[in-house]
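In my numbering, the protein residues as written are 309 to 400.
Do not take every clue at face value.
[Stated by the list, open to error] Result set (DMTMM-like, lysine to aspartate or glutamate): computed pairs, CA atoms no more than 25 Å apart in a straight line:
| hint | residue 1 | residue 2 |
| --- | --- | --- |
| 1 | Lys388 | Asp377 |
| 2 | Lys335 | Glu374 |
| 3 | Lys359 | Glu374 |
| 4 | Lys356 | Glu366 |
| 5 | Lys359 | Glu332 |
| 6 | Lys387 | Glu321 |
| 7 | Lys335 | Asp384 |
| 8 | Lys381 | Glu395 |
| 9 | Lys330 | Asp384 |
| 10 | Lys335 | Asp377 |
| 11 | Lys387 | Asp377 |
| 12 | Lys380 | Glu395 |
| 13 | Lys388 | Glu321 |
| 14 | Lys329 | Asp384 |
| 15 | Lys380 | Asp390 |
| 16 | Lys329 | Glu374 |
| 17 | Lys387 | Asp326 |
| 18 | Lys330 | Glu366 |
| 19 | Lys329 | Glu352 |
| 20 | Lys380 | Glu321 |
| 21 | Lys381 | Glu332 |
| 22 | Lys381 | Glu366 |
| 23 | Lys388 | Asp326 |
| 24 | Lys330 | Glu374 |
| 25 | Lys335 | Glu321 |
| 26 | Lys388 | Glu374 |
| 27 | Lys356 | Glu395 |
| 28 | Lys380 | Glu332 |
[What the hints assert, rightly or not] Okay, the calculated beta carbon distance ranges per label pair:
| hint | residue 1 | residue 2 | range |
| --- | --- | --- | --- |
| 29 | Ala314 | Thr350 | 51 to 59 Å |
| 30 | His369 | Gly394 | 31 to 39 Å |
| 31 | Arg385 | Glu332 | 21 to 29 Å |
| 32 | Glu321 | Leu361 | 29 to 37 Å |
| 33 | Asp390 | Val351 | 55 to 63 Å |
| 34 | Ile338 | Met378 | 26 to 34 Å |
| 35 | Ser382 | Ser333 | 18 to 26 Å |
| 36 | Asp326 | Leu398 | 12 to 20 Å |
| 37 | Asn367 | Ile315 | 25 to 33 Å |
| 38 | Thr350 | Gln318 | 51 to 59 Å |
| 39 | Ala379 | Ile354 | 35 to 43 Å |
Derived from the structure by calculation, the hints contain no laboratory data. Ideal Cβ placement from N, Cα and C applies to all residues, glycine included.
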Amino acid sequence: MNMEIAIQFQAVEQALADMRKKAESVKTAIPHTIGHGNTLATVEQINKISKQLQTLLENYHSFILENQDMAKKSVDRMKKVDQQAGEQFLMK
Numbered sequence: 309m310n311m312e313i314a315i316q317f318q319a320v321e322q323a324l325a326d327m328r329k330k331a332e333s334v335k336t337a338i339p340h341t342i343g344h345g346n347t348l349a350t351v352e353q354i355n356k357i358s359k360q361l362q363t364l365l366e367n368y369h370s371f372i373l374e375n376q377d378m379a380k381k382s383v384d385r386m387k388k389v390d391q392q393a394g395e396q397f398l399m400k
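Given these sequences and hints, build the entire structure.
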């Protein structure tokens with residue numbers, strides 16, 4: 309049984325470009341403090357959680373961009389291997 313894997317490189321590259329554009333447009337900045345000058349324990353806890361959420365959002369944003377870069381590199385490698393395989397097939 310002959311099983312061919314056909315990758316539509318243009319569609320994949322467009323999807324990756326769209327993913328990058330959307331990831332870059334994500335706003336990761338959130339207010340770090342509320343109730344400035346307020347000493348209530350609840351406000352302090354909310355501010356602490358807010359800072360942790362900010363860090364989480366920034367890490368997630370970086371992760372998405374790195375993931376997109378790795379996916380793009382994989383597609384580029386697959387395209388190169390596909391071209392090399394095609395050239396070798398034509399040589400035979």
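Original post:
Taken at face value, is the distance from the CA of Asp384 to the CA of Lys330 at most 25 Å?
Top reply: Judged against 25 Å, a Cα distance of about 21 Å means the pair holds.
Original post:
Does Lys356 pair with Glu395 here, judged by a C-alpha cut-off of 25 Å?
Top reply: violated, 59 Å
Subject >> Agreement of Lys381 and Glu366 with the hint, judged by alpha carbon distance not exceeding 25 Å >> reply: holds, 23 Å
Original post:
Do the alpha carbons of Lys387 and Glu321 lie within 25 Å of each other, as the hint requires?
Top reply: holds, 11 Å
Subject >> Beta-carbon spacing of His369 to Gly394 - inside the hinted bounds 31 to 39 Å or not >> reply: Given a distance of about 38 Å, which is inside 31 to 39 Å, the answer is holds.
Subject >> Outcome for the supplied range 21 to 29 Å, where the beta carbon pair is Arg385 and Glu332 >> reply: Hint holds: Cβ distance 24 Å, inside 21 to 29 Å.
Subject >> Pair hint outcome, Lys329 versus Glu352 [Cα-Cα no greater than 25 Å] >> reply: Roughly 35 Å between the alpha carbons, so the hint for Lys329 and Glu352 is violated.
Original post:
Quick one, are Lys387 and Asp326 close enough, alpha carbons at most 25 Å?
Top reply: Given that 25 Å is the threshold and the Cα spacing comes to 19 Å, the pair holds.
Original post:
Keeping to a limit of 25 Å between CA atoms, is the pair of Lys356 and Glu366 held or broken?
Top reply: Roughly 16 Å separates the two Cα atoms, so the pair holds.
**OP:** Starting from Lys381, check that the Cα of Glu332 is at most 25 Å away, please.
**Re:** holds, 18 Å
Original post:
Does the structure keep Lys329 and Asp384 at a Cα separation of 25 Å or less?
Top reply: holds, 19 Å
**OP:** Assess, step by step, whether the Cα of Lys387 is no farther than 25 Å from the Cα of Asp377, and give holds or violated.
**Re:** Between Lys387 and Asp377 the Cα gap is close to 15 Å, so the pair holds against 25 Å.
Checked against the numbered hints listed earlier, the structure breaks hints 7, 19, 27, 36; every other hint is satisfied.
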